[in-house]
Amino acid sequence: MVLTTPFHPRLSALNTTGLYGHWAGYLSALRYDLSAKHEYFGIRNSVGVFDTSPLFKYWIRGRDAERFLAGVMTRDVRACRPGRAQYTLWCDDAGYVLEDGVLFRHSETEFLLTCAQPNLGYFSDLIGRLEVRIEDVTADYGMLAVQGPRSRDVLARLTPEVEGLPFFGLTQAKIADRPVTVSRTGYTGDLGFEILVPADDALAVLDAVLDAGTPYGLRPFGEDALLMARIEAGLLLINVEFSSSRFAWTDRQRVTPTELGLGWMLRGLEDDGRPFIGRTAIRREQAQRSSRWSTVGLVLDWQDWDRRHTEAGLIPPKDETPLTAESMLYDHGESGARIGYATSLMYSPVLQRHIAIARVRPDRAAVGTTVFLELTIDHEYRTVAAEVAKLPLFNPERKTA
Amino acid sequence: MTSTYDAIVIGGGHNGLVNGAYLAKAGLKTLILERRPFVGGAAITEELVPGFQFTTFSYALSLLRPDIIQELELVKHGFLPLLMPSSFAPMENGDHLLLGSDRDQNIKEITRHSAHDADAMDRYEHDVERVCQLVKPLFDRVPPNLFGTSPEDLADLHWLGSLLGSADRKVLHDTVRLLTGSAADFLDDYFESEILKGYLAASGIIGTKVGPMSPGSGLVLLFHKLGEHDGHFGSWAFHKGGNGGFTQVLARAAQAYGAEIRLDADVDTVITKEGRAIGVALADGTELTAPTVVSALDPRRTFTELVEPRELPADLVENINRMKFQGTSAKVNFALDGAPRYPGLGDRTDQYRGFVNIGPSMEYLERAFDDAKYGWYSKRPYLDCAIQSFVDPDMAPPGKHVMSCFVQYAPYHLKGSDWDTERQGFGDTVQATLESFFPGFGDLVLHREVVTPLDIERVVGLTEGNIFAGEFFAPQMYFFRPAPGWSQYRTPIEGYYQCGSGTHPGGCVMGAPGKLAAGQIIRDRRD
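Listed in order, the protein sequences are those of chains Y and B.
Under the numbering used here, the first residue of the first sequence carries the number 1, and numbering increases by one thereafter.
Under the numbering used here, the first residue of the second sequence carries the number 402, and numbering increases by one thereafter.
Worth flagging that the hints you see were computed from the coordinates, not collected in a lab.
Relax, there's no trap hidden among the hints.
Restraint ranges, calculated between C-beta atoms of paired labels, are given here:
id	chain 1	residue 1	chain 2	residue 2	range
1	Y	A366	B	E530	36 to 44 Å
2	B	D925	Y	S290	54 to 62 Å
3	Y	Y87	B	E530	40 to 48 Å
Positions of the beta carbon are idealized from the N, C-alpha and C atoms, including for glycine.
This is chain B alone, in the form it adopts within the complex:
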């Protein structure tokens, strides 16, 4: 087996695979190392019960950059994002909100809850889309180095200045309101209906230790709205075979460009010599050499575990050590004997073709957050569910279903207990919440998988189980991600790069960090 490469990528999650694929496409002899027996990182699909495909962690696609689909020719390797045509939000009084892809029907549905909000929805969507259109270019470009003085740095800053300078006054103001304010404040400007606000505010809390009323939730809301599916902002898709199906597509693309993927390869350290990276040492003692080493792991691991923090600038180490992770999300996934029944809709099941949003009001969400503030999981958690076998019948045996439930809040640090102790109690809490909306739910459960933040950390390797590899928090974004001065995918160690979700633009199955880092590496090699 060869042991010398042009580039070694540590971590076979989606960003590692994207990065490796771009490097291999550029002609570099590339090796991607994955600690586990399969690639995918947090984007995997596992057959935990025969015939039932579980998306253990990440469970849907939206933020994936469209240019990656084209540039890596993913369609050739099986890329197939299935439309989720609707969103269903049950209510505690038995009513519901069901939004689909037909605007006129949506207006009628919203009118049932508030005539005032029917046109507010159109205004809200348009205003947010204008913000998305303004800031989207930031997602597809290396952040400027605020602290640099080279002509390139100045040109980058000039580019940013012109982008913002050309923005419409209202759009720029809305952008700032979203980036600094709370989801609640923003939504209150448009809506009065609790169910609608609960449904919309939910994207402001995903993966982050904020409530919808906390400043900062606006940023998270905007981030999720920047996702797209077939050109529609804020739209989600379900990849054929789950997100594991998607990372398998990425792996095939990377291999087709010549990248080698080695599984069960646990990297112990990055080997450095006189301040530059020269390869990696695996836990089993194997040494592999390459002048370029890329970490797809989170910033904590990239800067304090794979290399000696003592050899790095003190301010960088300090920033990385105080970077906020504090994972606050969990998953509970089910194999079901049949479709859940929502009494308000009788025997209908068409409402399950997209997400099922259990978060019927802003107050429900904020109260769920209250529990987390004081160190406990929510007694009535927010759930983002998807019965994925309704979108892709191949996910479960005929007539049966798999259901993925993203749960918030589940703080990594529990006051006076730990997640191994609380696992089943937490699972029961989630199931009881579902039972309250779908009577008889428990009788359908064939298998239940509880994934705590501690599991996310242990299994995937994400510090404190933070699904974004570093919280979405203004001081940790854009030219501060993961730390001031180190937002351009380089590190103080020459030849050592970072390409994980802890770098700009951040988490979600987006691939942008992997792609942008590859661009930087390829440019640096030319210079």
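Looking at chain Y on its own, in the form it has when it is part of the complex:
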């Protein structure tokens, strides 16, 4: 039986489409309304809520929790103070990425990790003699993302703590008199917050948020809108931009943090002396500059896009629905050499351009480099010019301000 989240009784009543996907064993709304793009504009122009409860949630607690995580996680958790959250990765000992997740540091000795896949067994096996307890609390909490330019106005009506909350900060608060953790995090690349609430209190908190948001045009959004926003925000998705090294068949299916565009997580690695899983391989990759790929943004040439379709007798499509199938990249038109592939491709309504997240050879990764993206137009392979751009492609000031 597919499970439902603690918010489901209320949110399902708002889902006018009856469309759900299965996410980590839970029903997850694809869209609440017939137009996913309308929900998307809730994120980009006003405010929306997304039920992110199906994420796996682990309490990692104990005297040695920080030491444990410093040895497991690729990014240095010691830089994450209590009251802050950190986007992080974990790698295997060959320096390939296993998964990503967000660590919320509630205190010196308490961390909550959210991630897309189950990891309890793997992490538990790594504890050894440290004083650390890991507990799967996935079903014990609801997690509600409140995202968009008006998210702070809406939440400020419920809890004053959000006013000064910095990007990736977290705080304990009360909403509708129920204890919650509010963090300035999300998967949209916009101003936004996530509320972690004990399952029994979830509906009371959701009702308060919906009430506070009604005058601001707040509406729930589903996975379709989320997956549009995340591409513009340059946020990676497991099994789309990368897959876990554990389940890869070949090294070509694996990526390193640097290849994934997350080299910034490794800053200061040369002198921190911190042992962690994958360190030796990652240091070797850095020293030998042996990264095979760079992860970049692409902005497609609009004239070339229009021309290619018009020549074929078609109306140039501008479809915001992301294509997750890989599109090959070439250095020159159809006859050029393969230099990479796009992992996600969509038409961005806020940028008014087709954009992509792509993996290219490092010598083709400089911003402004022209590459050619392969499409199937009217049953023929065709290429459209694109320019390499820095991720995230959409990065409004309000996100971090």
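Starting from the known structure of chain Y, fit chain B onto it as the hints suggest.
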């Protein structure tokens, strides 16, 4: 302050701004002059009541040329078109038609009204889209000079000939049927449902003194269908902050390319010397010089007010003087205390995310036109409403709403009265019409703004309040817009150009006249 420029653009409406931006981008030292204290022309947003943003005149976006968005880098300056995901058409019997972005749901909704029309809608859409695809290139190119004999003119005509020559037989025939016929005739070929026909025919009358059964309404229908939003023909968007928000984006883009914008600068005349323009004189006596002067005003003002008509060819003056303006549209805008209630949908409000079309049948529209034919405003007017705060909550204080209502018909010339006398009576008529569909509407009204055709003329400067700066009427389109022989943005006065909506392709917030005129100016400077 400098007083010498490469180019001076008269009028800071959207076409003046687009034109100035392209000229500045091409390296010309450009000055845009605006008579009012803010730019935007008919595309402005005003906070008439604290917290309520009114789109006094123009109120949505569709025809804006996509290449302008890219070429002027508008996204960098805040361009943000918000999707209007649905259209709502209330009916007099309390039922409704609600169409959205999901085809299958639309089929079900249409089937409620007519099973026959469910597949007709797909055929209609596809046929019209094929016509749009055929004629769209005309929007993005200077019209050929029918009367020219230069190699360029012949090449242009050849281009047009090949375009039409390559067209599919049916598509070309549909094009002619739309360009010459009535919206009613065209729609009757597909549909039987009155609500659907009323809803679709409405785009055939916008801004024009025709009823849906008049020949000519097909052209207006096609023109509006040529608009697009994110690649979807006939789709409309609401710009963040209204169309005033959009013209502010244009102003920032123009300034970023180096154009100077001077407000409160009322141009009195274009100064000419030996048949060429050398600058402009402002009403306050200031003289500014430039070898290129561009009028973004309508053809009447461009040819008979800014310059001496006595110095122009007689046939041009004659054509401009008899050009049809006869504005026939008005606006009534409201600040509302809450959402209107449509009894047939209970407490639902999701139907308000797009246009609300009050024109439940072709007959309703045609009868509304009947009143106008005989010199009066419609007793039951057609209304194209948008409660814009549902699309962009920032348009009104939390929980409150602004509602823009485009009203037809409201003929500029009233028989035996005038608009200053009739203003409130007209406003009451519109409000009573809304009340009949949304009982209790009047109790929600916090503020009402009535914009008559006379107001459009006085405030914006559009002759007879015609929103397109010259009616959409076949003899006033394409290579006849605004007059035969003068459709290529030039004028008989060397260095004096026209770039307003009175030139090809025409009105609506499209920007094409401004862009195409800039291209012509830049090419002429090179020669």
